[in-house]
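Use these hints to put chain B onto chain A, whose structure you have.
Each protein sequence line maps, in turn, to chains A and B.
First residue of the first sequence: 1237, per my numbering; consecutive thereafter.
First residue of the second sequence: 273, per my numbering; consecutive thereafter.
One or more hints might be untrue.
Said to hold, decoys possible - Straight-line C-alpha distance at most 25 Å; calculated DSS-like pairs for lysine-lysine: (1) A:K1305 <-> A:K1339; (2) B:K327 <-> B:K292; (3) B:K286 <-> A:K1294; (4) A:K1339 <-> B:K336; (5) A:K1294 <-> A:K1304; (6) A:K1339 <-> A:K1285; (7) B:K327 <-> B:K286; (8) A:K1339 <-> A:K1304; (9) B:K286 <-> A:K1339; (10) B:K338 <-> B:K327; (11) B:K313 <-> A:K1285; (12) A:K1339 <-> B:K292; (13) A:K1339 <-> A:K1294; (14) A:K1305 <-> A:K1294; (15) B:K286 <-> B:K338; (16) A:K1304 <-> A:K1285; (17) A:K1339 <-> B:K327; (18) A:K1305 <-> A:K1285.
Don't read these hints as lab results, they were simulated from the structure.
Below are the chains, spelled out letter by letter.
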Amino acid sequence: AQSVTQLGSHVSVSEGALVLLRCNYSSSVPPYLFWYVQYPNQGLQLLLKYTTGATLVKGINGFEAEFKKSETSFHLTKPSAHMSDAAEYFCAVRLTPGVGNEKLTFGTGTRLTIIP
Amino acid sequence: GAVVSQHPSRVICKSGTSVKIECRSLDFQATTMFWYRQFPKQSLMLMATSNEGSKATYEQGVEKDKFLINHASLTLSTLTVTSAHPEDSSFYICSARRLARETQYFGPGTRLLVL
Chain A
1237 AQSVTQLGSH VSVSEGALVL LRCNYSSSVP PYLFWYVQYP NQGLQLLLKY
1287 TTGATLVKGI NGFEAEFKKS ETSFHLTKPS AHMSDAAEYF CAVRLTPGVG
1337 NEKLTFGTGT RLTIIP
Chain B
273 GAVVSQHPSR VICKSGTSVK IECRSLDFQA TTMFWYRQFP KQSLMLMATS
323 NEGSKATYEQ GVEKDKFLIN HASLTLSTLT VTSAHPEDSS FYICSARRLA
373 RETQYFGPGT RLLVL
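So here's chain A without its partners, still in its complex pose:
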């Protein structure tokens, strides 16, 4: 079974400051890892994903995340926060295809607030 822990249910950063949202995972086999963003009353939009290959993954809107197997982490970062980044962010994990379990398991989410 796999699980995801997002440290910090609320994160506030000033506009222009670094954004760091933390995600740690637990998986019995190499995982696929995802970050999704959710704006109020909307569905989820994929920011980026890690499957195989390069451990530093770049996504949309200037976000990136690094897969660190030794730390079982997949933290999301953005060098300079923008007001439009205010939203709920979810980290998710699934097992690699073919292993059997196709389900996405989500973390509890982190609400990002941008301070003008």
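Then chain B, alone, in the frame of chain A:
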């Protein structure tokens, strides 16, 4: 990119009635669709997984007779909440995927309020 739509976006119904929510993949054929439920300020909880042409697989604790899922075509899945009660009020989100190796694409969600 892959687009998934949901209809309706918002529905209010009386207790005891049934409500049908549609999930459509607009520009790709979805062999698998997923239905999630999200309570306020909480994460998404998977309710069921449906593969086109076969019965849905429900997660533990989800009543299959209450939440009827039909995936009759490669572009449409429906979730019917039968005999809705106020505790069924929630945000329901679907997602769709072409193949097992690919990403799930999420719909915009349907907010259900049962009075």
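Here is how each hint holds up against the structure:
1. A:K1305 <-> A:K1339: holds (21 Å)
2. B:K327 <-> B:K292: Roughly 17 Å between the alpha carbons, so the hint for K327 (chain B) and K292 (chain B) holds.
3. B:K286 <-> A:K1294: violated (46 Å)
4. A:K1339 <-> B:K336: holds (18 Å)
5. A:K1294 <-> A:K1304: At roughly 15 Å apart (the allowed maximum being 25 Å), K1304 (chain A) and K1294 (chain A) satisfy the hint.
6. A:K1339 <-> A:K1285: holds (15 Å)
7. B:K327 <-> B:K286: violated (28 Å)
8. A:K1339 <-> A:K1304: holds (22 Å)
9. B:K286 <-> A:K1339: It is violated: about 33 Å lies between the C-alpha atoms, which goes past 25 Å.
10. B:K338 <-> B:K327: Since the Cα atoms of K338 (chain B) and K327 (chain B) sit roughly 15 Å apart, the hinted pair holds (cutoff 25 Å).
11. B:K313 <-> A:K1285: holds (23 Å)
12. A:K1339 <-> B:K292: holds (24 Å)
13. A:K1339 <-> A:K1294: holds (23 Å)
14. A:K1305 <-> A:K1294: Distance ~17 Å between K1305 (chain A) and K1294 (chain A) Cα, so the pair holds.
15. B:K286 <-> B:K338: Given that 25 Å is the threshold and the Cα spacing comes to 16 Å, the pair holds.
16. A:K1304 <-> A:K1285: holds (13 Å)
17. A:K1339 <-> B:K327: holds (17 Å)
18. A:K1305 <-> A:K1285: Since the Cα atoms of K1305 (chain A) and K1285 (chain A) sit roughly 15 Å apart, the hinted pair holds (cutoff 25 Å).
Hints 3, 7, 9, counting from the list given before, are not met by this structure.
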